Amino acid sequence: MQDAATTISAREAPGHSPGRAASRLRSIWRNVFPFIVVGVLWEIVAISGIFPARLFPTIETVARTFFALTANGILPHHAIETLIRLLSGFALAGVFGVTIGILMGRSRLAEDIFLPLVSICAPIPGLAYTPLFLLWFGLGSFSSILLVGFVSAFPVIFNSWTGVKAVKEIWVRSAHSMGADDRRMFTHVILPGALPYILTGLRLGLAQAWRVLVAVEMLAAVPWGLGWLIFGARKFLNTDAMLAGIVVIALIGLLLEKLVFQKIENYTVVRWGMVAA
Amino acid sequence: MVPIAIDNVTLEYDTPAGKVTGVKDVSFDIGASEFICIVGPSGCGKSTLLNVIAGFLPPAAGEIRIDGKAVKGHGMDRGVVFQDFAQLFPWRTALGNVSFGLEMKGIPKAERDKIAREQLRLVKLEKFVDSFPHHLSGGMQQRVAIARALAYNPSVLLMDEPFAALDAMTRDDMQLLLADVWRATRKTVIYVTHNVAEAVYLADRVIVMSAHPGTVQADIRIDLPRPRDPLSLEFVDCQKQLMRHLGHKVSGNGAGH
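These protein sequence lines are chains F and X, in that order.
Using my numbering, the first residue of the first sequence is number 1, and each one after it goes up by one.
Using my numbering, the first residue of the second sequence is number 1, and each one after it goes up by one.
Please keep in mind that the hints were generated in silico from the structure rather than gathered at the bench.
Please read these numbers as outputs of a predicted model, since none were measured by experiment.
Please note: incorrect hints may appear among the correct ones.
[What the hints assert, rightly or not] Distance condition first, Cα-Cα at most 20 Å in a straight line; then the derived EDC-like pairs of lysine to aspartate or glutamate:
{"#": "1", "chain 1": "F", "residue 1": "K168", "chain 2": "F", "residue 2": "D182"}
{"#": "2", "chain 1": "X", "residue 1": "K72", "chain 2": "F", "residue 2": "D182"}
{"#": "3", "chain 1": "X", "residue 1": "K72", "chain 2": "F", "residue 2": "E257"}
{"#": "4", "chain 1": "X", "residue 1": "K105", "chain 2": "F", "residue 2": "D112"}
{"#": "5", "chain 1": "F", "residue 1": "K168", "chain 2": "X", "residue 2": "E161"}
{"#": "6", "chain 1": "X", "residue 1": "K124", "chain 2": "X", "residue 2": "D173"}
{"#": "7", "chain 1": "F", "residue 1": "K165", "chain 2": "F", "residue 2": "E81"}
{"#": "8", "chain 1": "X", "residue 1": "K109", "chain 2": "F", "residue 2": "D181"}
{"#": "9", "chain 1": "X", "residue 1": "K105", "chain 2": "F", "residue 2": "D182"}
{"#": "10", "chain 1": "X", "residue 1": "K105", "chain 2": "X", "residue 2": "D84"}
{"#": "11", "chain 1": "X", "residue 1": "K109", "chain 2": "X", "residue 2": "D84"}
{"#": "12", "chain 1": "X", "residue 1": "K127", "chain 2": "X", "residue 2": "D173"}
{"#": "13", "chain 1": "X", "residue 1": "K240", "chain 2": "X", "residue 2": "D229"}
{"#": "14", "chain 1": "F", "residue 1": "K168", "chain 2": "X", "residue 2": "D172"}
{"#": "15", "chain 1": "X", "residue 1": "K114", "chain 2": "X", "residue 2": "E126"}
{"#": "16", "chain 1": "X", "residue 1": "K124", "chain 2": "X", "residue 2": "D172"}
{"#": "17", "chain 1": "X", "residue 1": "K24", "chain 2": "X", "residue 2": "E34"}
Produce the complete structure using the sequences and hints provided.
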């Protein structure tokens, strides 16, 4: 059939176009270029001596500190402690956020109970809760993890809830007519149908988790962690160590985005055509 | 494959202005393996009636019986095909979509894959079993939807303007294909359309409905031999007859919309 032929050629086209390598290079260049500009400006300011060298180190100094702190294991130790707190808190947010959000989408009662609470608590900055959590749960990792979980659950809840509401009625009707019971309606239709929103919620939740965790590490008197590293380095004017810590945060964020979220998305919602690549 | 009785069905909608009667006292019988088209202007409640038969809406009065049993909600004795291409599950391949009903029935994977492949061959999509819906054209998606509704072997196929959103050429192909599928499977089909030529091409009988409120205006048997030739004189005559019932002005020779 004629429509079959068009679909085949349309599917094969993207994989074999001749300018593909060139356009890939161009897109890498587009991503790298702004960093080169900022880097050059940074070097000019650092070398010009407007700020004392201790307060505004050159890129080479930051890089040297970064490698030295990586080689002696200090930076990895900080990073791992932070990462464990981040992932524990984020796991809490993911499990509770998705569950509450889906409940709210599925049950009128749950919606009536949770929506006002969530709407009031969500816009409050995570840092505002910090002293309260520290008094309730003490200084240290435990309250940091709880706070991260609490604060980053909100975007997950909102998006899971919206996702369930956005599941197309026609999918539900089709599944009903094909004999789906409540349980399989949920696992086979509602969950995959809401997945684009749930993933968006998790992504926003992770960003939220980063923000609050680095801040709370500065206040929670934890012995290790990137937030503590950055905050502690202030006392000794170790701006190079601060910047090295910031670089690590950026790198971990980038890796989680590229290696986890994009992979999951490409394998699911992008492959299904529910979200553009 | 089974007879259907539609018995004094009335349906009301709640609107801000109060209750509005959408369908009023509609009765007709459908024979086993009969292909029925319901034709009428928009607002005559033909799609609503189909939703009642599918069990998605309860009637305000009256009853629908399939093979003697009153319809209470949706059931696997009926397969439904909608107009909207989005009815397919985007997260399942063509094969996954078609085997959904079989999966719900608890049929083991090897067997349901085999049946689903067969159904996809019936609608000429055997090359596209592993494609996701968004890689398929509108016509192909509707063919998957037909295969999906047939796969778990319901006795009745309910179709709500399934080809209305397709271009004219694809629609002609699809009508031909549906006529073949119907000949091969002998399902009882209730097919809602506003397209008179489509009704004459496909139906054994055409129920003409009028609007506000929706009632049955005429019940016309189409006795043309199959496969039908849309250019034959008899075909055009049938179309004219239907259009007169729909209140169109029809000239003495030649059909016009």
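Hint-by-hint comparison with the structure:
| no. | hint | verdict |
| --- | --- | --- |
| 1 | F:K168 - F:D182 | 16 Å, holds |
| 2 | X:K72 - F:D182 | 17 Å, holds |
| 3 | X:K72 - F:E257 | 49 Å, violated |
| 4 | X:K105 - F:D112 | 35 Å, violated |
| 5 | F:K168 - X:E161 | 19 Å, holds |
| 6 | X:K124 - X:D173 | 11 Å, holds |
| 7 | F:K165 - F:E81 | 38 Å, violated |
| 8 | X:K109 - F:D181 | 19 Å, holds |
| 9 | X:K105 - F:D182 | 14 Å, holds |
| 10 | X:K105 - X:D84 | 25 Å, violated |
| 11 | X:K109 - X:D84 | 28 Å, violated |
| 12 | X:K127 - X:D173 | 18 Å, holds |
| 13 | X:K240 - X:D229 | 15 Å, holds |
| 14 | F:K168 - X:D172 | 29 Å, violated |
| 15 | X:K114 - X:E126 | 11 Å, holds |
| 16 | X:K124 - X:D172 | 15 Å, holds |
| 17 | X:K24 - X:E34 | 24 Å, violated |
Going through the hint list in order, the structure does not satisfy hints 3, 4, 7, 10, 11, 14 and 17.
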